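2 protein chains.
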Amino acid sequence: MRDALRVPAGPVVLAGFDSSARPLAPTKRNRDLANDTARMRDLQAKLWAESTAGGTRSVLLVMQGIDTAGKGGVTKHVVGTFGPIGVQYTGFKAPTKQELRHDFLWRIRKRLPGPGVVGVFDRSHYEDVLIVRVHDLVPEAEWEARYDAINEFEKELVDNGTTVLKCFLDISFETQRDRLLARLDDPEKHWKFNEADLDERARWSDYEVAFEAMLERTNTDHAPWYVVPSDHKKYRNWAIGELLHETLEDLAPEWPRPALDVPALRARLAPPH
Amino acid sequence: MRDALRVPAGPVVLAGFDSSARPLAPTKRNRDLANDTARMRDLQAKLWAESTAGGTRSVLLVMQGIDTAGKGGVTKHVVGTFGPIGVQYTGFKAPTKQELRHDFLWRIRKRLPGPGVVGVFDRSHYEDVLIVRVHDLVPEAEWEARYDAINEFEKELVDNGTTVLKCFLDISFETQRDRLLARLDDPEKHWKFNEADLDERARWSDYEVAFEAMLERTNTDHAPWYVVPSDHKKYRNWAIGELLHETLEDLAPEWPRPALDVPALRARLAPPH
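Protein sequence lines correspond, in order, to chains A and B.
Position 119 of the first sequence, counted from 1, bears residue number 132 in our numbering, the numbering being contiguous throughout.
Position 178 of the second sequence, counted from 1, bears residue number 191 in our numbering, the numbering being contiguous throughout.
Just chain A, with the same shape it has in the complex (with noise of 0.2 Å):
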């Protein structure tokens, strides 16, 4: 899955990739692709047992996507087959004051993940070379300059043992404009509704020339993009979870075997008679 997702080396055209394709989708029917979530519970569950032995590995999960994109999806239904223990979900806002006054890498290094975890980030320090490029938040200077640092901060987490798996879910503009109007159509999904987000949609090919800048900048080979077509809801969440299915075989955890004297501790433990 890795090979037919990574985003190839060079100049990125959004237009190029079709976000209802389905590469390498084994049936043609969306309803039966299906991880083997027991196996990848099993390598999550021994991740995180590694970390309890000194194991320091760990993986991040980036997801990076327009307003209903799926990011919230894909936690719940892909990243959710895990955990909880040894999973972290972090949906990143609008930042705090407090967190303005930092670098913007800041609050993104207090939501890292641990030894053993599974961390997730619905929206990153992405979001700081996209809403903020789109709406000049900060001068040119100091956007542009974000592309390297993200580079070497990245660099630094994988040399300290995390894998950095980031995806960006691919939708189309009507795909979002039916996502939008069937938010409108439940009063119970109302909540997620913005007006804003109308505000930001009217923005759609400012944001593709900040996606593609995105893709093609920080496309390193220590963290690639993958571009997962997202307008099928299915297709997307198996497409991601085989993604980290991958990531965790190659890792491949397995149980800590401490060097335990079974019969004596057995003795210890036998119940009186």
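FYI, nobody ran anything at the bench for these hints, they're computed from the structure.
Since this is a predicted model, take the numbers as computed values, not measurements.
Keep in mind that a hint or two might mislead.
As the list makes no split between identical chains, a pair holds if one copy fits it or if it spans any two.
Said to hold, decoys possible - Subject to a maximum C-alpha distance of 35 Å in a straight line, what follows is the list of computed DSBU-like cross-link-like pairs (lysine-lysine):
| # | residue 1 | residue 2 |
| --- | --- | --- |
| 1 | K168 | K89 |
| 2 | K246 | K205 |
| 3 | K41 | K247 |
| 4 | K41 | K110 |
| 5 | K205 | K41 |
| 6 | K41 | K168 |
| 7 | K247 | K110 |
| 8 | K89 | K202 |
Chain B: place on chain A using the hints.
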């Protein structure tokens, strides 16, 4: 369930609690016990949704119990039905050197649930009147003062909108033996075994005294204790699930209902022409 498991005011004698009891269980078969997880998920999602609209309420499940009592099992099987969005798990280990340089509540405060979050403490600030007391890790005057400090701390949490649900997972000496032996029988569970666990087990009666003092002296109206009979794993999970369910029903969270001008928003989204 809260009425059935709540610790009565006054002196606590754990020998008077039956760890194999099944209060309120609607059937005689443990495997038939099931929470209404769909409803619980709905309530948890609404609590989280409320926080996105300014709500500040949260829930903190505190679990204490001797090794193998099932704090991890409850997290996996009960808390695992929620989230991961809006759920935060923390397993407290022996404090680090940095943590020891601060007040005992310092590391606890850093992991308190934010608005809308269901926080889970697998061990907690109560370790500072349990293992610390049993092993004389600080002078008696110091741990003695902590009961009042904890009551004040929890009052502060409750006043700030956190419902504190404190569960003591009660198992018998024999149940712990059986579970430790089971860990020895399964090489995949050896990582959970620590020879020091047997030294702790040898201090069972010291722990009973410390548990009794905890249950008596921090059993406040704002944050009462529940003793959950935990010899039967299915019963334990069900009972804590019911406690959580009742807690969430009492909060009665609702989907936020922002005042949206739906026709106008729909018009902005409608396809051209």
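Here is how each hint holds up against the structure:
1. When the C-alpha separation of K168 and K89 is checked against a cutoff of 35 Å, the pair qualifies both within a copy, at 28 Å, and between copies, at 33 Å.
2. Proximity of K246 to K205 under the C-alpha cut-off of 35 Å is restricted to the intra-copy arrangement: shortest distance 18 Å within a copy versus 38 Å between copies.
3. Taking the closest pair of Cα atoms, K41 and K247 come within 35 Å of each other only inside a single copy of the chain (12 Å); across copies the shortest separation is 40 Å, beyond that limit.
4. Taking identical chains as interchangeable, the C-alpha atoms of K41 and K110 are never at most 35 Å apart, the minima being 48 Å within one chain and 56 Å between chains.
5. For a Cα distance limit of 35 Å, the shortest separation of K205 from K41 inside one copy, 31 Å, qualifies, whereas the shortest one across copies, 44 Å, does not.
6. Proximity of K41 and K168 under a CA criterion of 35 Å is satisfied in neither setting, with 38 Å inside one chain copy and 57 Å between copies.
7. Neither within a single protomer nor between protomers do K247 and K110 lie at most 35 Å apart by alpha-carbon distance, with minima of 38 Å and 46 Å respectively.
8. Within a single copy, K89 and K202 get their C-alpha atoms as close as 16 Å, and across copies as close as 28 Å, so both meet the 35 Å cut-off.
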